[in-house]
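Colleague: Residue numbers (the working numbering), protein chains in the order written: chain A, 1 to 496; chain B, 497 to 637; chain C, 638 to 1138.
Don't read these hints as lab results, they were simulated from the structure.
Hints should not be assumed to be uniformly reliable.
[As the list claims (entries may be wrong)] Cβ pair distances, simulated, as ranges:
id: 1; chain 1: C; residue 1: Ile942; chain 2: A; residue 2: Glu4; range: 41 to 47 Å
id: 2; chain 1: A; residue 1: Asn362; chain 2: C; residue 2: Ile942; range: 28 to 34 Å
id: 3; chain 1: C; residue 1: Pro871; chain 2: A; residue 2: Thr214; range: 24 to 30 Å
id: 4; chain 1: A; residue 1: Lys110; chain 2: B; residue 2: Leu616; range: 27 to 33 Å
id: 5; chain 1: B; residue 1: Ala568; chain 2: C; residue 2: Leu932; range: 57 to 63 Å
id: 6; chain 1: A; residue 1: His190; chain 2: B; residue 2: Leu616; range: 28 to 34 Å
id: 7; chain 1: C; residue 1: Val1105; chain 2: A; residue 2: Thr64; range: 57 to 63 Å
[What the hints assert, rightly or not] Some chain C residues near chain B, calculated using beta-carbon distances under 7 Å:
id: 8; residue: Glu784
id: 9; residue: Phe807
id: 10; residue: Leu821
id: 11; residue: Val830
id: 12; residue: Thr833
id: 13; residue: Ala837
id: 14; residue: Pro871
id: 15; residue: Ala874
id: 16; residue: Phe1113
[Unchecked claim] Derived coverage of chain C by chain A (criterion: at least 3 residues anywhere in the stretch with Cβ under 8 Å from a Cβ of chain A; other residues may be distant):
id: 17; segment: 661-668
id: 18; segment: 905-919
id: 19; segment: 1002-1013
id: 20; segment: 1067-1079
Every value quoted in this text rests on a predicted model; they were computed, and no experiment measured them.
Think of the CB as a built atom: it goes at the ideal place given N, C-alpha and C, for glycine as much as any other residue.
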Amino acid sequence: MVTETIELITPVLAVLVSLVASVLILASGKYPNIREGWTFLAAFTKFGLVMSMLPLILDGKIITYTIVEMLPNLPIAFKVDAFGMLFAIVASFLWIIVSSYSIGYMRTLKEHAQTRYYFCFAIALSSALGIAFSANLVTLFLFYELLTISTYPLVAHIETPEAISAGRKYLAYLMIAGVFLLFATLVVYHYTGTTEFAFGGIAGLELLPKTMLTILFAAFMIGCAKAAFMPLHAWLPAAMIAPTPVSALLHAVAVVKAGVFTAVRIILYVFGVDLMQASNLWLYMAYFVSITIILASVYAMRQNNLKRRLAYSTVSQLSYVVLGALLITPHGITGGMLHIPYHAFMKITLFMCAGALIVTANKENISEMNGIARQMPITMLAFTVGALGMIGMPPVGGYITKWFLLLGAAELDNMILIAVLLVSAVLNAAYFFPVIYVAFFKKPDHELEYKEAPLTMLVPIVITALISILIGVWPDAPGMFLDIVNIAVANVTGGV
Amino acid sequence: MTGIMDIVYAEYNYWIYVALMMIGFYAMIAKKNLVKKVIGANIFQSAIFLFYISLSDITGGTAPIIVHGEHAAEVIYTNPVPHVLILTAIVVAVSTTAVALALIIRIYDEYGSLDEDVILAARRNLQPEFSEYARQKEVDS
Amino acid sequence: MTGFDIIINNLPVLTVVIPLIAGFLTTITGWIDRRLCWYWVMLTMFIVVLITSSNLLTVINSGTIYYHLGGWKPPFGIEYVIDLLNGFVCIIIAFIGLMVAIYSKESVKKELPGKTIPFYSIFLLLITGLMGMTITGDIFNFYVFLEISSLTAYALIAMGDRGDGLVASFNYLIMGTVAASFILLGIGYLYAVTGTLNMADMQNILPDIYGSKVVLAALAFFMAGFSIKIGLFPLHAWLPDAYTHAPSTASALIAGLMTKVGVYAMIRFMFSVFTPAFVIDITRMTEILTWAAALAIIMGSVFAIAQSDIKRMLAYSSISQIGYILLGVGLVNVIGMQGGLLHILNHAFMKCALFLVAGAIFYRTGIRNIHQFQGLGKKMPVTTIVFLIAALSMIGVPGTVGFTSKWYLALGSIEAGQWIFVLVILVSSLLNIVYFWRIFDNIWFGNPHEKEHIKRDEAPLTMLVPMVILAFLCIFFGFFAYYPLHYILEPLSNTLLGIMP
């Protein structure tokens, strides 16, 4: 399949917008309203720039731009394809939503060091978009590390010894992962002379001996610790000590999705479908992530802290995406890729609800939430929408991705994977329904009056909840995620 | 048959320089007194100077001043270059010694001793990682 | 011949002569007015930067420059040779010298009151020594300049912390004298077997007598001597004390340059006095060097973690970074060599910036203990951001210079089939994270309520400017490393290893 390439500076601008904004945020730190104005301006500009590229992508074109030849034969370059576009749209759109939510959250709680917070947030978004648009492994690695560093101050935001130690845990996991990613990148460059992503995988890798290939793949997957595969997941629950908007956007969307995005990029664009199939690596890895899917759900059930429960749920759901890519059938890949935006919308709704509970009712633990729906009906309704989506109940979006994943697994006739998907759906229900039950049907300990979160927080929650339903009832709307994913799948499977 | 003594005797100049060098080196490393270390350094350097000078010498050679006349072709000259080099090296060695001695005077003013152990103990007590200012600050708070 | 032509034709020697004469004239300028010294040094360093740049450009455009001192033809006269290698190192010396000179104004005024004139005089003489070591093509002349740079360094260190500086300087003097004597002895050996002192000449004669024990002994003496000079683990004992207790300005200069020039000399001796074949195949010296370097990389970082004095920590980190350079050189393939040489440049930027930051913090607060750094992020924002950039660069975050050299070193290790060195490089970046991150935590995090009262109190402008320039270069060359690599280091590595591209 021949795709047309055009050179355009838009992706660079889209990445730079928030970097420039971060400087302006720093400069206007004394005037909170102006500072937040910059955040909004940057968020809208960014989203606009990303969307301006969408028609081209839907046309089947690819946008490239080489910024600088960093080292001989090693450029820092951007390449926007359908898959990158998918992640970029999600990240840039949700930044607008979360910016509004952040303002409500941070001002209500009178958090300190807000300038630093918005500053780091803007850089983190630049990095996320940089990852989405990277044309090669080195560029990706650059933004991957930048993302780790820029989110550290957000995790350690409250600066208590506890937060700092959580931050260090975060840093330790992700930096060690970075080292593995660098190692793998080096190996790829050494053997093939390039690190540029290609639709069918990087040519030349298939010549590697089997052991080397396995080591390489393992190094890459450890490098994707941002995707929180099971033995490397501990940083994610620890990072829940961050302010909730951070957990919502970064630890449900930007950072972790950057991890799975990288994992999928590596599986499909570095190794390629053919090599994955030939080497049988897909099967081992698929079993491996299956363990995460099941185990993380079990862990989630045992959490009393709502944010931590959501974190473990994220761990489990992230592996769906990778599993989808590993199924290497068009349906499986569709399901995996589609789960990136779908899970993003549902999980961010859930996190924002959890944040609203902290701000308004000062409640973090599920055991304290008896009858909380009487106080915050809208928030809890939105929460229910998100939870149903996670479980995979129509009409909320989640059922579509699960359907595709099941189709993919069925095409392969792999009963174990089918069983994993079904069991996991049951487990999802097992840890979300109790929350809903507690909130709606348990008698409150004392009388609760209607008191919702501030509008700056409530509106974003409602919007994302509505979108979660919308993408469930009308998934094939023109230009929506399914369209983009179809192009991406056609790219990697050679248009079959 | 050449015994060990013959080898020693044939190249005794080199053996002397090796012995001197080792003596100097030993003094630099093992002596606790700073002045003795400097003396060791001087012995070490002098040994090297001797080595250079004995390099340039040729048996039966004469000073490298060109001889004119009928026997001019038969005259063997010693090599003048090492002498010149060593003149420079001596200057360097003297300056090094001067700097070292200057340092020693200052160290003696500071610690009242030239013994390495005493100085080390004195430094430990002073808590080197805390500057004057920081210590003052601690006292203030 | 006009005066201008005379200057142009004598540019190579002027790199050494100008700081030498200016160094002595500093006394006179200081006698007129003490404040003039700084302007005088600035002017000198600026001219030296211009000359070295012009030299390097000439070398790139039209090949190696040969300059015969006093018109005496080699091998009898002293020859100055500027090729890509020392052209490259010279410009680093000149540039870092200029940066430190700008910085020194306030720092010297505060830390060394009453010693301004001798400080600047010695400063220029140190530059003279380093330039001379780098530029000369004569092996004995090299020794003389080595001693000039050493003696001036002893003096600079002795000006530092009361008492500690003196002892550190004395220990350095003893170790330095041992090292220099070894080198002198090695020179004597080589002279005895070749009868020449000219490096190029020597390289032509030596291959015929590689079987000789004398040549082997000479190599051993050189390597031992230089290893002490550059503080290669485990011969590093003098280094941490010397770097820690020197005045801030001197620390930056010595840490940024002295060891680099030592490494340069090591490379020069291995590849341009001896031949690649000798050090690689016959004696396998380069292989030994890589293992020593790997040990230095790890042990330097481990020791750095244990330190609480920032300058001492940076000193140990220098020991580890020197290991990087030697590792790259010892891998003896073009990629590794480029990485090692590039790291000379990169480490000069990073380490100089870090020491300048340490000096600036000391200047404002008198603190060197990293546990007392709380709230500095608010007090000295620019300084601490410079620190952040330079430290991230040391860690090897992509987009900074540290990444480019690390990339080449790791790639070179893979190329050489030495996977263990890839591991060493990667592990050491993790160790770097450990010792820098606790400083970040201290600077920006912890006790948010205490920080409310901290007022901004930034270092003076003359100190900020060089730090910011160096930090900028850390990032600039992180993205544009292509230029030094393509124009200088790649042809240079090929030449050094005797590979025809």
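Colleague: Tell me the numbers of any earlier hints that the structure contravenes, in ascending order.
Modeller: 1, 2, 3, 4, 6, 7, 11, 12, 13, 14, 15, 16, 17, 18 and 19
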